Amino acid sequence: MSDITAPAVLSTAPPRKARPLPPPMVLFGLVWLASMLAVALLADVISPYAYTALDLRNRLSPPIGMGGSWLHPLGTDELGRDVMARLIYSIRMSLLIAFGATIIGAVIGTTLGFLAAHFRGFVEQVVLALVDFSASLPFLILALSVLAFFGNSMVLFICLLGLHAWERYARIARGLAISANGQGYAAAVRQLGASPWRIYGRHVLPNIASTLIVSMTLAFPEIILLESGLSFLGLGVQPPETSLGSMVGYGREYLTRAPWILLAPAFTIILTTLSVSLIGDWLRDRMDPTLR
Amino acid sequence: MIRFLGSRLLRAAITIIMVVTFAFIVLRLSGDPAQIIMGADAPPEAVDAFRTAWGLDQPVLLQYFHYFGAILQGDLGRSMRDGRDAIVLVAERIPATLALTIPALIIKLGLGIPAGITAALHRNSFIDRAVMLLAVAGFTVPSFVLGLLLVLVFAVQLGWLPSGGQESWRHAILPIITMGVGGAAVLARFTRSAMLEVLGQPYIRTASAKGVPWRAVVWGHALPNAAIPTVTIVGFMVGSLIAGAVVVESVFSWPGVGRLLVVAVANRDLAVVQCILLLVAATMVTANLVVDLLYGLLDPRLRNQPKRATGAA
Numbered sequence: 395m396s397d398i399t400a401p402a403v404l405s406t407a408p409p410r411k412a413r414p415l416p417p418p419m420v421l422f423g424l425v426w427l428a429s430m431l432a433v434a435l436l437a438d439v440i441s442p443y444a445y446t447a448l449d450l451r452n453r454l455s456p457p458i459g460m461g462g463s464w465l466h467p468l469g470t471d472e473l474g475r476d477v478m479a480r481l482i483y484s485i486r487m488s489l490l491i492a493f494g495a496t497i498i499g500a501v502i503g504t505t506l507g508f509l510a511a512h513f514r515g516f517v518e519q520v521v522l523a524l525v526d527f528s529a530s531l532p533f534l535i536l537a538l539s540v541l542a543f544f545g546n547s548m549v550l551f552i553c554l555l556g557l558h559a560w561e562r563y564a565r566i567a568r569g570l571a572i573s574a575n576g577q578g579y580a581a582a583v584r585q586l587g588a589s590p591w592r593i594y595g596r597h598v599l600p601n602i603a604s605t606l607i608v609s610m611t612l613a614f615p616e617i618i619l620l621e622s623g624l625s626f627l628g629l630g631v632q633p634p635e636t637s638l639g640s641m642v643g644y645g646r647e648y649l650t651r652a653p654w655i656l657l658a659p660a661f662t663i664i665l666t667t668l669s670v671s672l673i674g675d676w677l678r679d680r681m682d683p684t685l686r
Numbered sequence: 006m007i008r009f010l011g012s013r014l015l016r017a018a019i020t021i022i023m024v025v026t027f028a029f030i031v032l033r034l035s036g037d038p039a040q041i042i043m044g045a046d047a048p049p050e051a052v053d054a055f056r057t058a059w060g061l062d063q064p065v066l067l068q069y070f071h072y073f074g075a076i077l078q079g080d081l082g083r084s085m086r087d088g089r090d091a092i093v094l095v096a097e098r099i100p101a102t103l104a105l106t107i108p109a110l111i112i113k114l115g116l117g118i119p120a121g122i123t124a125a126l127h128r129n130s131f132i133d134r135a136v137m138l139l140a141v142a143g144f145t146v147p148s149f150v151l152g153l154l155l156v157l158v159f160a161v162q163l164g165w166l167p168s169g170g171q172e173s174w175r176h177a178i179l180p181i182i183t184m185g186v187g188g189a190a191v192l193a194r195f196t197r198s199a200m201l202e203v204l205g206q207p208y209i210r211t212a213s214a215k216g217v218p219w220r221a222v223v224w225g226h227a228l229p230n231a232a233i234p235t236v237t238i239v240g241f242m243v244g245s246l247i248a249g250a251v252v253v254e255s256v257f258s259w260p261g262v263g264r265l266l267v268v269a270v271a272n273r274d275l276a277v278v279q280c281i282l283l284l285v286a287a288t289m290v291t292a293n294l295v296v297d298l299l300y301g302l303l304d305p306r307l308r309n310q311p312k313r314a315t316g317a318a
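If you're matching them up, the sequences are chains R and H in order. Here the first sequence stands for residues 395 to 686, where the numbers follow the working numbering. Here the second sequence stands for residues 6 to 318, where the numbers follow the working numbering.
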């Protein structure tokens, strides 16, 4: 009797193939991103100095390889602040903002998408109108006007960046939830008396999560670029706080005399966004069923 | 066709109304412009006089209707900083911005589309890999970093080109390259995937199978069909020309609309920001409208369809 139960049925499924290693570029991206995360988490431990500490005797000291000393491996800026320490804290700040904003965007967009799919009718029209509106203005322009006119605080800044790409999640979540509602499993749990919260949270969401996660990996580098762009313009992260973009903005003043101030954060931005993009493309090719 | 045009125009109008409303809500309710312009220690009488002069003492709803009426008459208010008409201030800057963005757009189209098509036609070849790697790099290097790196190499190290300003055509070279390269990368990626999708369609196989020369298949069947998604992204690029200029103009101290926006935002100059916001929205909406009409020309199936042409992005 026991030999016709579930385990026997499962064993007829084909054995899972061993997954091939990701391509070298993706591996590099994963390693780079992991080390960035480690730097961000361990900033207080690994940073050689406080990021605001001044060393007035070693102002504009060049990095190693350009005639500098091990005292300041990546050199110092005009005020004698250690570039490496500032870079470490900037990485932490930029990653924190990007993670926060990506999650906010995904939550807002997915929620609105589900609301549109659940209520249809008027609610759906309102959400779609908002989506159209969002898509009709370049986000940088929206962000610029909101930031400057509401003044600038860290919380507002993160929330504002969180609005970036919300319409993409909303579109995806709405479309997929509508099609899920037409499938058997959603109807079945609804017939069993599950609340809408339970249907969408426990059943629909896990089924569409892979597509949403791919969108998040695509939005993440865009948010890093936006944050650094706004901070570069002096309209994002404000001193004494520092981010990768504001470091580049500050370093711009010393482009001729001390290019290292600018180069270190610039290459960090490039490598980080490149890594996430490579990983995102790879994930999309693997996970997005519409591309198979 | 009339109906198609009508629904597109209606959508464009609704979008513009939403942008105007958004501009009003955000810019008017976010703080007290009188206090900011006059400074915290300004005498209260002066602040009140300022409020009356700019209509800031009226009920918000009334301000909104006045604002809307004024915009319909082409009156976009005056710059609170120097008292000139905002629309004049912005219009003065438009030629400078166009002098950068139009050559940049030509670079984007001229580099991006051929590169994308070549990569797709030689899928997985060396050319394809190289184009894709360059495209990813072009997409991930932010324009301000690219601009500053170009300045570092061509202005500081080599001394070939000036690093900023607007004195001669040579000043425009670096900003145009900065803008063009990133857009070309995005376009190449997009064109490649559009082409690949079309090349996998049954009608391409059918055309090849019945003996149509490959060149004719590509020109006659693949390119027209791949043009539809590509036109969308080109339309988006045209619509966001001004937005793209914000950062690059700031890097190169180029006195265009983008730089004006950054300065106006830093000074909380409401009228100027609103004016640019509307300009950007109008450009975007017009570009989208043209794209929709082009769809109708490129794809006869969409012409008589009453509902929205595409749901997916």
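Treat the hints as calculated values from the structure; they're not laboratory data. Mixed in with the good hints there might be a few duds.
[As the list claims (entries may be wrong)] Computed Cβ-Cβ distance ranges for the label pairs, DEER-style:
1) R:GLY576 to H:LYS215: 36 to 44 Å
2) H:ALA214 to R:ARG584: 46 to 54 Å
3) H:VAL268 to R:ILE497: 42 to 50 Å
4) R:SER429 to H:GLY88: 52 to 60 Å
5) R:ALA444 to H:GLY79: 33 to 41 Å
6) H:SER130 to R:GLY576: 36 to 44 Å
7) H:ARG8 to R:PHE422: 52 to 60 Å
8) H:LYS215 to R:LEU415: 40 to 48 Å
9) R:ILE497 to H:VAL65: 29 to 37 Å
10) R:PRO590 to H:PRO260: 35 to 43 Å
11) R:PHE422 to H:TRP165: 57 to 65 Å
12) H:VAL158 to R:ARG592: 52 to 60 Å
Treat the numbers as computed from the prediction; the structure is a model and nothing was measured. Cβ atoms here follow ideal geometry from the backbone N, Cα and C, with glycine treated the same way.
Hint by hint, here is what the structure shows:
1. As the Cβ distance of R:GLY576 to H:LYS215 is approximately 39 Å, the hint placing it in 36 to 44 Å holds.
2. Checked against the hint of 46 to 54 Å, the pair H:ALA214 and R:ARG584 passes, with Cβ atoms roughly 48 Å apart.
3. Against the hinted window of 42 to 50 Å, the Cβ-Cβ separation of H:VAL268 and R:ILE497 comes to about 33 Å, which falls outside the hint.
4. For R:SER429 and H:GLY88, the hinted distance range of 52 to 60 Å is satisfied, since their beta carbons lie about 54 Å from each other.
5. Range check, R:ALA444 to H:GLY79: about 55 Å between beta-carbon atoms, so the 33 to 41 Å window is missed.
6. Take H:SER130 and R:GLY576: their Cβ atoms lie about 42 Å apart, and the range 36 to 44 Å holds.
7. For H:ARG8 paired with R:PHE422, a C-beta distance near 53 Å keeps the hint of 52 to 60 Å intact.
8. Judged by the Cβ atoms, the range 40 to 48 Å given for H:LYS215 and R:LEU415 holds: they are separated by roughly 43 Å.
9. Evaluation of the 29 to 37 Å hint for R:ILE497 and H:VAL65 yields a pass: the beta carbon distance comes to about 34 Å.
10. For R:PRO590 and H:PRO260, the hinted distance range of 35 to 43 Å is not satisfied, since their beta carbons lie about 55 Å from each other.
11. Distance hint check for R:PHE422 and H:TRP165: the Cβ-Cβ separation is about 33 Å, which falls outside the suggested range of 57 to 65 Å.
12. Between H:VAL158 and R:ARG592 the Cβ separation comes to about 58 Å, which falls inside the hinted range of 52 to 60 Å.
In the structure shown, a violation is registered for the earlier hints numbered 3, 5, 10, 11, in ascending order.
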